[in-house]
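In the order they appear, the protein sequences are chains A and B. When the first sequence is numbered by this note's numbering, its final residue is 447 and no position is left out of the sequence of numbers. When the second sequence is numbered by this note's numbering, its final residue is 447 and no position is left out of the sequence of numbers.
A hint or two may mislead.
Identical chains share a label here; the pair holds if one copy fits it or two copies do between them.
[Claimed, not checked] Derived DMTMM-like pairs (lysine to aspartate or glutamate); straight-line CA-CA distance at most 25 Å:
#1 326 to 176
#2 188 to 209
#3 280 to 316
#4 291 to 273
These are computed hints drawn from the structure, not numbers from a lab. Just so it is clear, the structure is predicted and the values come from calculations on it, not from any experiment.
Protein chains: 2
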Amino acid sequence: MESGPCSRPAEPRHCVSGRAGAGLAFPAFPLSAAGAEPGSRIGTVAAVLPAGGCGERMGVRTPKQFCRVLERPLISYTLQAMERVCWIKDIVVTVTGENMEAMRSIIQRYGHKRISLAEAGATRHRSIFNGLKALAEDQPGCELTRPEVVIIHDAVRPFVEEDILLRVVLAAKEHGAAGAIRPLVSTVVSPSADGHLDHSLDRAKHRASEMPQAFHFDVIYEAYQKCSDFDLEFGTECLQLALKYCHRKAKLVEGTPDLWKVTYKQDLCAAEAMIKEKISQEICVVVNTKDEESVGHLLEEVLRNELNCIKVTSTVLDRTSGDIENFIDQCYSFICVNVVSSESRETRKLLSILEESSLPLLYPVVVVLVHCFDFTVVPLAQKMENLVWIRELAKEAKGRNVLLSGVLLNHSQTLKDFSSVSWTLVISNIPD
Amino acid sequence: MESGPCSRPAEPRHCVSGRAGAGLAFPAFPLSAAGAEPGSRIGTVAAVLPAGGCGERMGVRTPKQFCRVLERPLISYTLQAMERVCWIKDIVVTVTGENMEAMRSIIQRYGHKRISLAEAGATRHRSIFNGLKALAEDQPGCELTRPEVVIIHDAVRPFVEEDILLRVVLAAKEHGAAGAIRPLVSTVVSPSADGHLDHSLDRAKHRASEMPQAFHFDVIYEAYQKCSDFDLEFGTECLQLALKYCHRKAKLVEGTPDLWKVTYKQDLCAAEAMIKEKISQEICVVVNTKDEESVGHLLEEVLRNELNCIKVTSTVLDRTSGDIENFIDQCYSFICVNVVSSESRETRKLLSILEESSLPLLYPVVVVLVHCFDFTVVPLAQKMENLVWIRELAKEAKGRNVLLSGVLLNHSQTLKDFSSVSWTLVISNIPD
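All chains, please: the whole structure from these sequences, using the hints.
See below:
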């Protein structure tokens, strides 16, 4: 068992549940459902994420958990979803030997916390068993604490929310075992040996067993220790092991549609679209000084009318004002209007605020720089030359998951009416 | 039962299976698998598509079959997928009374053929039964021919291919009933009355029953006629009815992953991404005259190197040459390079070729007009004025599902090296 490069800081940075409700990118901890302090009611909780699959159903060579979604490996989104839940103390990821180095560099690159790595087995059950051993404290070299409750979750279900994790953990604490379920999408049939319909199952009486699941650590660890080789080799369902070997009838907890598992190529497309939607809920218009504030408000108005399903705010990036940081947590899209200056100073300032917020660690942040000019006064070529720094800055920013691009807006005579601007000249600045 | 506005032409326009193999947008009929002429082996085939669902699982008000994907209702893609199969004679769609008018205008707008409409019932089974009655010839006012085999397919499975339709129909002809199946993605569990796990099913011994399914018409019609009110109200599986009431054990046919059913919001995202992928497999570079051919080849080379997973071709839109039409069937993305002319004549010609090809009826076609200019010689404002027609033409074209946009390329001195062009000025021309 190996520790990730950044395991278990005293104060995790991305913890949702420990923070105040306002200004959060994600729903805060549901106090009404679970009392004031979940940690004290739950006891110690750890998680095991089997990530040793080869993704054969995806039809691609890369295992699906390592497939890139918006240029970032899928598993990184799942880890982020788990680690922003404060009360999950350790997260053990099981990875095959050949992917261990790749996994280590993902943890490093995206700054994941509280992650430990264990070697995956040849099957899903063997991988989970290895993850549990890493937490059991009875193995040589184990550095982790044996938890009271352990969550088992798939590396390829990136949209798990704190609410369902908590409900499953509380149910497991009470009943020894619990798992998320969903209604069946298709009827399930049982084929005969010669490939004909033997019988079909009543959809109303069956459910799809999804993830996350959670168990008393002692229950599931005992089940795996007693488990037959046949079950380890051909079984897939942890709830079934707890039932068969420890006689625990798992509590089934209704899950949400976004628990779905990325299995096929179309699921990767869907995951990308869902992530894009999450980061497209809000646009923040940024101007550099108080003097330009009215321009910012005008653009804000136009955008609000044009994109009426999206929240639009505006703020001033002033040296004396710190309030821009209040917007950072909620917003992944920024439009920065520059009426006067062609310099890079303000843009660099915004980029460093964004970076400090650790916002780009979760999803890419889009910053569009709008530079206004009047080409009857300033020649186009000259204006472009003044803005050549955008290209270099965009290259730098991309490495930190900020996608910077520039728009040159020809406003002819007046900037008062953005909606009447007839030609927009877009300078392609995002480097390859 | 009502006939759609364009029902049953003598020679359907979009028929894939009847055409030569080369130049097809979709896989041609698999001759090796099914013999030279499927029609003669299959007998008469019709299809029933229940489209009366309310889409409650989608979490939106619009029933999912009418949700728009790339601005076109989902059901229109499914109808297109069915009607390009020549040997399906009639397609009966069952729609609720309140959506009948909307459905009729979809058929009109997208030029669907061989479609008849029937009123949906309160449940899926009642809707299918109504569709079958429309084909049974024993009902008053019926204008359709009673088929030998009937396909039942979902309106929300748009990616069905001719190959699986044929395999299911041939199996139904032999065994009386047949249906596509897929491996289970999740384990299926049976909950006890108090919401605990009672038992879980062996994944290896079960399959998900998907669509399409097919039946001897007499078998499934008899099953529905004998069917209990309870089954009509609460049942969902047609294969089960054929088994229960006509003792036909359906042949189960392994389907492909793209048979999946659009059920949740993420499925709509996935459908959109899949359609975009289908239309992004190839780019055709078009130049106006033989004189500009070398420029076209240069751009073709650059694109081929930059986008190495996409097929790139080039052609000349010459008055004397008709060979552009050979490219039309395979390609949804066109880049038209204009080195000299700023006129609209050539663009209008290309648009009318595209329209005649009926290509935009299936998916949107993207045409990017690249106009080259040297802003040290021609002022930007003057060049833009010369190209104002693009905006009007784009508005017209959009109504016919062609997305036209313009790019002004500043090439300074030479056009020989496209890859060295440092600034690309994009004119936003697509109207709202």
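Checked hints:
In this assembly of identical chains, the alpha carbons of residue 326 and residue 176 lie at most 25 Å apart only when taken from the same copy (22 Å versus 41 Å across copies). For the homomeric pair residue 188 and residue 209, the shortest alpha-carbon distance between copies (17 Å) is at most 25 Å, but the shortest distance inside one copy (45 Å) is not. Proximity of residue 280 and residue 316 under a CA criterion of 25 Å is satisfied in neither setting, with 39 Å inside one chain copy and 29 Å between copies. In the homo-oligomer, the alpha carbons of residue 291 and residue 273 lie at most 25 Å apart both inside one protomer (14 Å) and across protomers (23 Å), since each shortest distance falls under that limit.
The earlier numbered hint that this structure contradicts is number 3, and it is the only one.
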